[in-house]
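Student: Sequence:
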Amino acid sequence: MQTLALQLTATFVDDAIELVKGFGRAIFALATAPIERIARACDVAGVLEQRRADRRAPRPAAQRGSRCKSRHCRWSPFGGLSDLT
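Going by our numbering, the letters in the sequence shown line up with residues 1 to 85, in that order.
Misleading hints may appear alongside valid ones.
[Stated by the list, open to error] Here are the in silico distance ranges between beta carbons for each label pair: (1) A33 <-> T3: 40 to 46 Å; (2) R40 <-> I17: 30 to 36 Å; (3) L30 <-> R55: 35 to 41 Å; (4) E18 <-> E49: 46 to 52 Å; (5) F28 <-> D54: 19 to 25 Å; (6) L19 <-> A45: 35 to 41 Å; (7) D14 <-> E49: 34 to 40 Å; (8) A16 <-> V47: 34 to 40 Å; (9) Q50 <-> I17: 31 to 37 Å; (10) I27 <-> E49: 22 to 28 Å; (11) V13 <-> P58: 28 to 34 Å.
In short, the hints are calculated from the structure, not lab data. We put the CB at the ideal spot given by N, CA and C, even for glycine.
Just need the whole structure built from these sequences, with the hints factored in.
Tutor: Here it is in C-alpha cells:
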C-alpha cells in the first residue's frame, strides 16, 4: 500500500511540474511575440531562419555542457536578435 501512495505522489508531482513548465512556456511566448514579429519583419537576409536551422542541428557533446553568454543563451528573449545589430 505504501508503494501505491508513493507512486501517486510522484506522479502528481511530475504532472504539477510539467503543468508549471507549460504555463511558463505560454507566458514566455506571449511576452516575446512582439519581439519575434519585429525581428522577422527586419530579417531581410534570412539570418534568423539560418540560426533556427543551426539550433535544430545536432551538436557535439562538448558544447552541450558549456554555459551560455547572456545574449546567446537559449532562454534569452533577445538572443535571436544579436546578429541583426
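Student: Evaluate each hint against the coordinates.
Tutor: Taking the hints in turn, this is what the structure says about them:
no. : hint                    : result
1   : A33 <-> T3: 40 to 46 Å  : 45 Å, holds
2   : R40 <-> I17: 30 to 36 Å : 32 Å, holds
3   : L30 <-> R55: 35 to 41 Å : 21 Å, violated
4   : E18 <-> E49: 46 to 52 Å : 30 Å, violated
5   : F28 <-> D54: 19 to 25 Å : 21 Å, holds
6   : L19 <-> A45: 35 to 41 Å : 40 Å, holds
7   : D14 <-> E49: 34 to 40 Å : 35 Å, holds
8   : A16 <-> V47: 34 to 40 Å : 39 Å, holds
9   : Q50 <-> I17: 31 to 37 Å : 34 Å, holds
10  : I27 <-> E49: 22 to 28 Å : 25 Å, holds
11  : V13 <-> P58: 28 to 34 Å : 31 Å, holds
Hints 3 and 4 from the earlier list are contradicted by this structure; the remaining hints agree with it.
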